[in-house]
Amino acid sequence: MSARGPEPVSVALAAGTTSGATTSDPDSSTTSISGRAGSLDRDWLGELTSSGAARETALRDLHVLLVKAARHQVARMRGLLPRLGAVEADELANAAADEALVHLLGRLSTFEGRARFTTWAYKFAILQTANEVRRRAWASTEIALSDHLDLAVEVDGPESRAEANELAHAVAAAMTEALTTYQRRIAIALLVEGVPVDVLAERLGTTRGALYKTLHVARSRIRAHLVAAGHLPAGIPFGGTA
Amino acid sequence: MTSHQGRLSRDVVESLTLDTEPWLSCEECFDLMDSYAEAVVAGTEPRRRHDMEVHLRACPACFQEVESLVALLQQDSAD
Ligand SMILES: [Zn+2]
Chain A
1 MSARGPEPVS VALAAGTTSG ATTSDPDSST TSISGRAGSL DRDWLGELTS SGAARETALR
61 DLHVLLVKAA RHQVARMRGL LPRLGAVEAD ELANAAADEA LVHLLGRLST FEGRARFTTW
121 AYKFAILQTA NEVRRRAWAS TEIALSDHLD LAVEVDGPES RAEANELAHA VAAAMTEALT
181 TYQRRIAIAL LVEGVPVDVL AERLGTTRGA LYKTLHVARS RIRAHLVAAG HLPAGIPFGG
241 TA
Chain B
1 MTSHQGRLSR DVVESLTLDT EPWLSCEECF DLMDSYAEAV VAGTEPRRRH DMEVHLRACP
61 ACFQEVESLV ALLQQDSAD
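Chains as they are written, first to last, in UniProt numbering: chain A, 1 to 242; chain B, 1 to 79.
Just so you know, these hints were derived from the structure itself, not from any lab.
Backbone N, C-alpha and C define an ideal beta-carbon position, used for all residues, glycine too.
Fair warning: there could be bad hints in the mix.
To be verified - Residues from chain A shown here face chain B by an in silico Cβ test under 10 Å; the list is partial:
no.: 1; residue: 73
no.: 2; residue: 101
no.: 3; residue: 114
no.: 4; residue: 115
no.: 5; residue: 119
no.: 6; residue: 121
no.: 7; residue: 136
no.: 8; residue: 180
no.: 9; residue: 187
no.: 10; residue: 190
no.: 11; residue: 191
no.: 12; residue: 203
no.: 13; residue: 212
no.: 14; residue: 219
Work out the full structure: start from the sequences and follow the hints.
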């Protein structure tokens, strides 16, 4: 298996599709750290923007929550780093939690209270840890931006081969004719080679957001080209108002 | 390079032709993912659900992170 990550979503994350999960008593979600670190009624913002002992305690408890989320993320992505030992894994989680704490504190003023503060905090640790795991997983892999497309198509059975081949050829043609060289290279790196978007952004000295935008435009152009050539049904909105 | 070696597999063709309108950036996805994950766990309607679902189908990194946050919240509420 390559370091491509999870297969793009057939798993539904939508509301109501999780298996029997219910909201629980808020007190039951407290961690074992300080007794009230995860509690719903804690005034995290107030404590973190105060001074003295209250702030110190809040920072310490917050760091514990971030380490927990970072460890959770390392465990989920462990398959990408098969040679990572238990001690190194914990070091990685702690370092990511440190980084996440810095980012979070820098964005405290953007907390809108739309989610629990602890949930809001978790995501910083998850993002930071996922970035670091992906970066390490790809550290020894050279990423050459390629224009090359192999048209070997995997199909389920002979009856679907012709159709699948036709669409694959049409997509390849669309990529050649409708995309700029840069768009084509980014689309190939991200979607064909499976390079994670944050890893590619770091290598190219750009941002995840900028690469996703490039990909978004490339996909729109491919779809428009396929519709014009009769390979996708017309009338499906794909281009917004542009 | 990876084992994919430039192959236009069926999954890749599907991904290249995904309709990713309406536009949602990874940054906006990050901003929304906490309330989204809580809604998923609670079984309520997430804010900007459609936009999030379109993005998560199209962006494996964000999907991986949101999926992880949902799992962590579920784990918390089970404790
Ligand atoms: Zn994204």
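Taking the hints in turn, this is what the structure says about them:
1. Checking residue 73(A) against chain B by beta carbon gives a least distance of about 6 Å; that is within 10 Å, so the hint holds.
2. Nearest Cβ of chain B to the Cβ of residue 101(A): about 16 Å, over the 10 Å cut. The hint is violated.
3. Annotation: residue 114(A) was flagged as interfacial toward chain B, and the flag holds, the nearest CB pair being 4 Å apart, inside 10 Å.
4. For residue 115(A), the shortest C-beta to C-beta distance to chain B is roughly 4 Å, which falls under 10 Å, so the interface hint holds.
5. The beta carbon of residue 119(A) comes within 4 Å of a beta carbon in chain B, closer than 10 Å, and the hint placing it at the interface holds.
6. Hint status for residue 121(A): holds, given a least beta-carbon distance of 9 Å to chain B, under 10 Å.
7. Hint status for residue 136(A): violated, given a least beta-carbon distance of 15 Å to chain B, over 10 Å.
8. Annotation: interface hint on residue 180(A) violated; nearest CB of chain B at approximately 15 Å, more than 10 Å.
9. Residue-level restraint check for residue 187(A) holds (minimum Cβ-Cβ distance to chain B is 6 Å; threshold 10 Å).
10. Interface restraint check for residue 190(A): the shortest CB-CB distance to chain B comes to about 9 Å, inside 10 Å, so the restraint holds.
11. Given the 10 Å rule on beta carbons, the hint for residue 191(A) holds: about 5 Å separates it from the nearest Cβ of chain B.
12. Look at residue 203(A): its Cβ only gets to about 13 Å from chain B, farther than 10 Å, so that hint breaks.
13. Contact between residue 212(A) and chain B, as hinted, is supported at the beta carbon level, the nearest pair being about 5 Å apart and thus within 10 Å.
14. A cut of 10 Å between beta carbons decides the hint on residue 219(A): the least distance to chain B is about 5 Å, and the hint holds.
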